[in-house]
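Chemist: Letter by letter, the chains look like this.
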Amino acid sequence: MSLTRVLKVLRKDLALGPRSPIFMYAIALPVVLTLVLQVAFGSLFAPKPRMAVVDEGDSAITAQLAATDGIELTMLDSVDELKTGVEANDYDAGLVLTEGFDEAVRDGSRPLLDLFIGGESLASSRIILSVTALDLVREVEGSAPPVDVEIVSFGDAGLPVSVRLVPLIMMYALFIAGAFMPASSLVEEKEQGTLSALLVTPVRAGEVLLVKGILGCVLAFVMAFMTLLMNDALGGAPFDMAVVLFSGAAFSAVIGMVIGTWSRDSTAMFTLMKSSGILLFAPVIFYLFPEWPQWIAKLFPTFWVIDPIWQVGILGKGLDAVWLEIVIAIAISLALVPVIGMLSKRMQRVLVG
Amino acid sequence: MSRPVSRAAIVSAIVKKDFVEFSRDKLYIFLSLLGMIFFVLIFWFVPDTVDETITLGMTHGGDLGALVAQFEAGAEGSAEGLALEVFDSPEQMQGVIDGSLELWRADEGDARVIRDKEAGDDKPKDSHRVGVQIGIAFPEGFLIDTATGTRTTVKVYADAAVPPEIQTAMKSFVREIAYGITDNVLPVTEPAQENIILGEDRAGDQVSIREKMRPMISIMILMVEVFSLASLISGEVLNRTVVAVLATPAKIGDFLAAKTIYGTVLALAQAFIVLLAIGAFTAENWFALLVILVIASVMFTGIAMAVGAAGKDFMGTLFYAMAFVLPLMIPAFALLLPGTASAWVRVLPTYGLIQMLNGVTAYGRGIDEYLPQLGISVAWLVAIYVAGLFTLKRKVESL
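Heads up: the protein sequence lines correspond to chains S and W, in order.
When you number the first sequence by numbering that gives the first Met the number 0, it's gap-free, plus one each residue, and the end is 352.
When you number the second sequence by numbering that gives the first Met the number 0, it's gap-free, plus one each residue, and the end is 398.
Be careful, since some hints might not be right.
What the hints assert, rightly or not - Listed next, the in silico DSBU-like pairs over lysine-lysine satisfying Cα-Cα at most 35 Å (straight line):
{"id": "1", "chain 1": "W", "residue 1": "K25", "chain 2": "W", "residue 2": "K15"}
{"id": "2", "chain 1": "W", "residue 1": "K15", "chain 2": "S", "residue 2": "K47"}
{"id": "3", "chain 1": "W", "residue 1": "K211", "chain 2": "S", "residue 2": "K82"}
{"id": "4", "chain 1": "S", "residue 1": "K47", "chain 2": "W", "residue 2": "K154"}
{"id": "5", "chain 1": "W", "residue 1": "K116", "chain 2": "S", "residue 2": "K344"}
The hints are simulated quantities; they were obtained by calculation from the structure and are not laboratory data.
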C-alpha cells in the first residue's frame, strides 16, 4: 500500500466525485427528508386543534387563547375569510369576537357567541375548542368558578413522533452518503472501464477501495452531523457524538465497499441495495414504536450503529453508556474487512485478469 | 422487392419489442412487482378509522349518577367525541390510567372487566382493551356541596402523555359542570346548532388516512413506471438501437407513438391493478377513475420521455427521474394534512389529478364536480407530453 498512490487516487475522486448525481442525492436527501418527515408527518401524527379568531375589539379572550398550550391560533381579518377557512378545514373552529364583546359579557347582555365548527374537524377537537372557549368567556365575565380543579399528572410523557423519526432520517443520511455513494462510484468505474484502466497501473484494488471508503466515511460523517443539527439532536457532548458518528460512518462505508465490490453492474447493485434495505433500515422502526419488543432490533447489524447516536444525541447519555454498542459495531466492520478483501481480489481478477 | 407495411403495424411491432425487452429486464420486473406488493400491503396496514374520541374516566360518590346517565344517553345516538368510563374508586381509575390495571370491554354487550395483570388475572375472552388516559375524580358529596356553595376540589388524573389542550379542556369541563349545578348560566348566547357547522358534518364519519393514501399510491406506481420507461429510452438512445430501428421503414413519429403507447399501457395497467387491489373502484366511480388514470399515465409517460432523453446512464436517469417526479408527489403528501394546500402546491401539474382522485375515491364524488381541475390537468398533460415528445424527438434526431 503506497500513501502517494492513495493520495493521487483520492485527488482524482475528490475532483470527479461531486459531479456524480449520487453526490447531490446524498446531500439533498437528508434535508428533504427532514422537511417532509418533520414538517408534514410530525404534525400528522400529533395534530393540534386549530382555532381561527377574528377579533374586532381587542378582546382578552384572544390573548388568553394565544397563551393556551396546545391550541394552534390564527388571527384573521374578516369573518368571510374565517368562514371560508373553517369550511375548507384549514381550521377546526373559528371564533368571531365583535367590538365590545368583553364589555357585553361583563354587563350581563349575553352577546351572541359566534363560534363556527368545521364539518371535517375531529369530534375531540370540537370538544376541546368549544369547552376552552366557554371557559375563557367565563374568565372574562369575572366570576370565580364554584369548584377547584387540581390536575394530577403521572408517568413518562415519552418522546414525540418528530424525535422518534430522527433515526430514520439519520439512517438515510449515513447509508446514502456512506454506503450508496462509494458503492455506486465503484460500480460506475467498473462499467465505464476506468477502474480496469486504473488497475493496470501500479495502483492496487485495495488502494482504490480505501479511497472510496475514506470519501464515503467523511461524507457520511458530515451528512450525519448536518442531519442531527437540522433536527436539533446533537446532544450536549460533542466529543462523544463525534466518536459515535465516526463509528457509524465507518460502518456504513464498509457496507458500501461490500456492495460495491460484490456488484458487477448498476443493476446488480441496485437490486442488492433494495433487497438488503429492510435489513439495514429495520431497527429504526422500533424507535417509532417503543411498545414493540425492543430486543428484536438488536438482531439487525445497523442497530449497533444507530443506537449509540440515539442514546448520545437524543437521550443525552455519554460514551460510558454506549461503549458496548460501539465495540460491537467496530467488530462487525472488522469482520467484513476479509469479505471485502476476497471480493476485491475477485474484482481485480475479473477486470484485469 | 418490399411489401408495404402500415404505420400501425410498425408501431405495434415496436411496442411489442418494448414489452419483450421489459419482460427480460429483471430489475424493473422486480421493482415493479415489489412496488405493487409493497404499496398494497402498506395500504391495508394503515388504519382505516379515525380515532376522534377522548375516553374519559370518572369516579364519583354516587351523587352524579343522574348526570352520568344523562351524558351516556346523549352520547349514544351521536358522535360526541367523548366516551365515559365510570370506575369504583380513584385508585382503580389511576391504576388503569398508569397502566398497572387494564380495562377490558366485551365485544358485545356492556360487560367490562378490570384486569390486574401482575396478580395473574387472565385476559378476558371476546373483549377488547380500552385505553383511558385521563380521568376525573369527583369528591364525595360534590353535588350537594357545590349546590350549597361549598367549594370542593376535583382531581383530574392524567397520564403525562396526554396533550396539554386535553388537560385544559377537562379542567374547563369540570368547571362547566359545577356552573351547571349552581344554575350559573353562560354569559353568552349560544348560536343555533344548525348555524355552527360549516361544510359537510363528518363527525363520526371522517375520511381515514388509508382512504387519503390512494392518490399517493397511484402516484408512486406511476413514478416507478417513469424509471422503467426512462431507463428503456435512455438505453435505446445510448446503445443507438433507436438508430437501428429508424433504419427500417419506421419513422421518428412511429418510434414516439410506440413509446407513448408502451409507457401509457404499462403505467395504466399497473395503476389499475393496484387501485383494484386497494379497493378504489366502485360501480359508480370506475369511469371517472379510468379517465383520471389515463390522463396521469400519459402525463408521466411525457416525463419519462424527457428523462430518458436526458439520462446518460442508470444513475443519471435515476437522478433526473427523482428530480422530476418528487415535486409532483407533493400534492399527494399535502392531502394527508388537513386544510387547503399552499398556493405553490396548487400550481403543480399533479394537484388537479390528486384532488380528483381523492374526491372520487374518498368522498364518492363525480368527476362532473371537478371540471375546473379536469381542464387544468388536461392542459398540463398537453404541455408535459408535448415537451417530452419534443425533447426525445430532438435527441433522436441528433443521433
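Chemist: Starting from the hint list further up, note which numbers the structure goes against and sort them upward.
Modeler: As far as the earlier hints go, 2 and 5 are violated by this structure, in ascending order.
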